[in-house]
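All chains should be built: construct the whole structure from the sequences, respecting the hints.
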Amino acid sequence: EPEVTQTPSHQVTQMGQEVILRCVPISNHLYFYWYRQILGQKVEFLVSFYNNEISEKSEIFDDQFSVERPDGSNFTLKIRSTKLEDSAMYFCASSVGGTTDTQYFGPGTRLTVL
Amino acid sequence: GENVEQHPSTLSVQEGDSAVIKCTYSDSASNYFPWYKQELGKRPQLIIDIRSNVGEKKDQRIAVTLNKTAKHFSLHITETQPEDSAVYFCAAGEYGNKLVFGAGTILRVKS
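Chains E and Y supply the protein sequences, listed in that same order. When we follow our numbering, the leftmost residue of the first sequence carries the number 1, and every step to the right adds one. When we follow our numbering, the leftmost residue of the second sequence carries the number 1001, and every step to the right adds one.
FYI, nobody ran anything at the bench for these hints, they're computed from the structure. Each hint should be verified, as a subset may be incorrect.
Derived DSSO-like pairs (lysine-lysine); straight-line CA-CA distance at most 27 Å [stated by the list, open to error]: (1) 57/E / 1110/Y; (2) 42/E / 1110/Y; (3) 1042/Y / 42/E; (4) 1071/Y / 1022/Y.
Partial selection, computed: residues in chain Y whose CB lies under 8 Å from chain E [claimed, not checked]: (5) 1032; (6) 1034; (7) 1043; (8) 1044; (9) 1046; (10) 1049; (11) 1089; (12) 1095; (13) 1097; (14) 1098; (15) 1099; (16) 1100; (17) 1101; (18) 1102; (19) 1103.
If you anchor each label on the Cβ, the simulated ranges turn out as follows [to be verified]: (20) 51/E / 1110/Y: 44 to 50 Å; (21) 1010/Y / 13/E: 46 to 52 Å; (22) 1067/Y / 72/E: 38 to 44 Å.
We put the beta carbon where it would ideally sit given N, CA and C, even for glycine.
This is how it looks when you write it as structure tokens:
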């Protein structure tokens, strides 16, 4: 069964550094999402992406964040200048779209900002 | 925007008993309601979902009910087993759009 994959599994970075989190969605999916989960808290929506553009973003997704689909398979989340409060698990998800809208989550990238 | 409330925050049941987790949502435009199970350090795994054109859906020991008028939906797990122990999240959304998650329920099944 196809799965969403993410790399790296764990990223440690210094405050102020840029990080890029990578995701490979399921191949026939058209909608892509990033969520984050601070330890012990609920999953929070960051951004959705469809047809090569952002379709919706949350208040969390400020100018420090950006997303890109650089090729036909990868979907990336960039944080330009990391802050301590960006430490969280970041999940990528994808869905086919339309009325078949199950979102499948990747295994996550644990980001630790020191 | 959508707001999802989930109760209880923790739930302990004896193996073999049933467990019920309840969620309410605020946005009547939401039409898709999935439930995810998350084990420690792992990804959320979809266990069942329901769309707004049905009131109930069942998959073996798991069932979900939806009351659109009252804007609430519930997860029912029967004959609980120790491997059901995990955090369960409800969510609400519209097709092709973001999911808004509840705060989660820690389910402990005692053997």
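Consistency of the hints with the structure:
About 41 Å separates the Cα atoms of residue 57/E and residue 1110/Y, which puts this hinted pair outside 27 Å; it is violated. Using a Cα cut-off of 27 Å, the hinted pair residue 42/E and residue 1110/Y holds, with the two alpha carbons roughly 24 Å apart. A distance of roughly 13 Å separates the Cα atoms of residue 1042/Y and residue 42/E; the hinted pair therefore holds under the 27 Å criterion. With a C-alpha separation of about 11 Å, the suggested pair residue 1071/Y and residue 1022/Y falls inside the 27 Å cut-off, and the hint holds.
About 6 Å separates the beta-carbon of residue 1032/Y from the nearest beta-carbon of chain E, less than 8 Å, and the hint is met. At about 7 Å, the closest approach between the beta carbon of residue 1034/Y and any beta carbon in chain E falls short of 8 Å, and the interface hint on this residue holds. Hint status for residue 1043/Y: holds, given a least beta-carbon distance of 5 Å to chain E, under 8 Å. Contact between residue 1044/Y and chain E, as hinted, is supported at the beta carbon level, the nearest pair being about 5 Å apart and thus within 8 Å.
Among the interface hints, the one on residue 1046/Y holds; its C-beta lies about 6 Å from the nearest C-beta in chain E, closer than the 8 Å criterion. Because the beta carbon of residue 1049/Y sits about 6 Å from the nearest beta carbon in chain E, less than 8 Å, this interface hint is met. Nearest Cβ of chain E to the Cβ of residue 1089/Y: about 6 Å, under the 8 Å cut. The hint holds. Because the beta carbon of residue 1095/Y sits about 5 Å from the nearest beta carbon in chain E, less than 8 Å, this interface hint is met.
For the restraint placing residue 1097/Y at the interface with chain E, the shortest Cβ-Cβ distance is roughly 6 Å, inside the 8 Å limit, so the hint holds. Residue-level restraint check for residue 1098/Y holds (minimum Cβ-Cβ distance to chain E is 4 Å; threshold 8 Å). Given hint, residue 1099/Y at the interface with chain E, holds; its Cβ is 6 Å from that chain's nearest Cβ, closer than 8 Å. The beta carbon of residue 1100/Y comes within 7 Å of a beta carbon in chain E, closer than 8 Å, and the hint placing it at the interface holds.
A distance limit of 8 Å between C-beta atoms decides the matter here; for residue 1101/Y the minimum to chain E is near 4 Å, and the interface restraint holds. Proximity of residue 1102/Y to chain E holds as hinted, the smallest CB-CB distance being about 7 Å (cut-off 8 Å). The beta carbon of residue 1103/Y comes within 5 Å of a beta carbon in chain E, closer than 8 Å, and the hint placing it at the interface holds. The given range of 44 to 50 Å is respected by residue 51/E and residue 1110/Y, whose C-beta atoms sit roughly 49 Å from each other.
Separated by about 34 Å at the C-beta atoms, residue 1010/Y and residue 13/E break the suggested range of 46 to 52 Å. For the pair residue 1067/Y and residue 72/E, the beta carbons lie near 42 Å from each other, so the given range of 38 to 44 Å is met.
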